[in-house]
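Using the sequences provided together with the hints, build the complete structure.
Single-letter residue listing:
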Amino acid sequence: GENVEQHPSTLSVQEGDSAVIKCTYSDSASNYFPWYKQELGKGPQLIIDIRSNVGEKKDQRIAVTLNKTAKHFSLHITETQPEDSAVYFCAVPGGSEKLVFGKGTKLTVNP
Amino acid sequence: DAGVTQSPTHLIKTRGQQVTLRCSPKSGHDTVSWYQQALGQGPQFIFQYYEEEERQRGNFPDRFSGHQFPNYSSELNVNALLLGDSALYLCASSLGGQASFGQYFGPGTRLTVT
Numbered sequence: 011g012e013n014v015e016q017h018p019s020t021l022s023v024q025e026g027d028s029a030v031i032k033c034t035y036s037d038s039a040s041n042y043f044p045w046y047k048q049e050l051g052k053g054p055q056l057i058i059d060i061r062s063n064v065g066e067k068k069d070q071r072i073a074v075t076l077n078k079t080a081k082h083f084s085l086h087i088t089e090t091q092p093e094d095s096a097v098y099f100c101a102v103p104g105g106s107e108k109l110v111f112g113k114g115t116k117l118t119v120n121p
Numbered sequence: 600d601a602g603v604t605q606s607p608t609h610l611i612k613t614r615g616q617q618v619t620l621r622c623s624p625k626s627g628h629d630t631v632s633w634y635q636q637a638l639g640q641g642p643q644f645i646f647q648y649y650e651e652e653e654r655q656r657g658n659f660p661d662r663f664s665g666h667q668f669p670n671y672s673s674e675l676n677v678n679a680l681l682l683g684d685s686a687l688y689l690c691a692s693s694l695g696g697q698a699s700f701g702q703y704f705g706p707g708t709r710l711t712v713t
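The listed protein sequences correspond, in order, to chains A and B. Following this note's numbering, the numbering of the first sequence begins with 11 at its first residue and continues without gaps. Following this note's numbering, the numbering of the second sequence begins with 600 at its first residue and continues without gaps.
Hints should not be assumed to be uniformly reliable.
To be verified - Only part of the chain A face toward chain B is listed, based on derived beta-carbon distances under 8 angstroms: (1) Gly53; (2) Pro54; (3) Leu109; (4) Phe111; (5) Gly112; (6) Gly114.
Claimed, not checked - Label pairs and their computed distance ranges (CB to CB): (7) Ala39/A to Gly683/B: 28 to 34 angstroms; (8) His17/A to Thr608/B: 31 to 37 angstroms; (9) Pro121/A to Gln617/B: 45 to 51 angstroms; (10) Ser19/A to Leu610/B: 27 to 33 angstroms; (11) His17/A to Gly615/B: 37 to 43 angstroms; (12) Ser19/A to Asn676/B: 29 to 35 angstroms; (13) Thr79/A to Pro669/B: 42 to 48 angstroms; (14) Gln24/A to Leu610/B: 37 to 43 angstroms.
Hints are computed from structural coordinates only; laboratory data are not their basis. Just so it is clear, CB atoms sit at the ideal spot from N, CA and C, and this is done for glycine as well.
As structure tokens, this is what we get:
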């Protein structure tokens, strides 16, 4: 089955710095790559996703890049703010119906 | 536009008991997937319901069962609860049974088994 590895497990940055989280996957047929943000006590929130026919997608301070050859994709957050502090998960489809998630990255933005 | 709703928010049960969790999908969505999230881990897929049928199941025993109603809402039932079933249970709503169309999560139900 699909396997997803996510790094780093924790990331601490100063407010205003950039943060990058990377995920690698095993199934070369994967064609959809979402990122979720989970705040304490809440469910995961879909923040950005990318499909395999696109190499990069940007939404304000958040961007996702995809390297299909190397089978990895990354979340980039620029000009980080304290409210960006949360756990971030990457995911890939494991078959057509389900998502397989990484183990998460706890991002702390220090004021 | 109502998002995904789940009830109850918290639940405490004793080993051996049974529990039912409920989910209403986002308006316009017809598919519900259930995930279990243990503390400090990513969500693990339990199963998906589309057109009132279970379409795919993750690596969970038959103690976990579900149902989808004609209005697309869904229930997750867990029988013979074990301590290890303590987790956050998440419902994800989507369209057409396809994960690649985007899955949107509810706030979850925190289940504690004592």
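Verification of the supplied hints:
no.	hint	verdict
1	Gly53	4 angstroms, holds
2	Pro54	5 angstroms, holds
3	Leu109	5 angstroms, holds
4	Phe111	3 angstroms, holds
5	Gly112	6 angstroms, holds
6	Gly114	5 angstroms, holds
7	Ala39/A to Gly683/B: 28 to 34 angstroms	33 angstroms, holds
8	His17/A to Thr608/B: 31 to 37 angstroms	32 angstroms, holds
9	Pro121/A to Gln617/B: 45 to 51 angstroms	47 angstroms, holds
10	Ser19/A to Leu610/B: 27 to 33 angstroms	29 angstroms, holds
11	His17/A to Gly615/B: 37 to 43 angstroms	40 angstroms, holds
12	Ser19/A to Asn676/B: 29 to 35 angstroms	33 angstroms, holds
13	Thr79/A to Pro669/B: 42 to 48 angstroms	46 angstroms, holds
14	Gln24/A to Leu610/B: 37 to 43 angstroms	40 angstroms, holds
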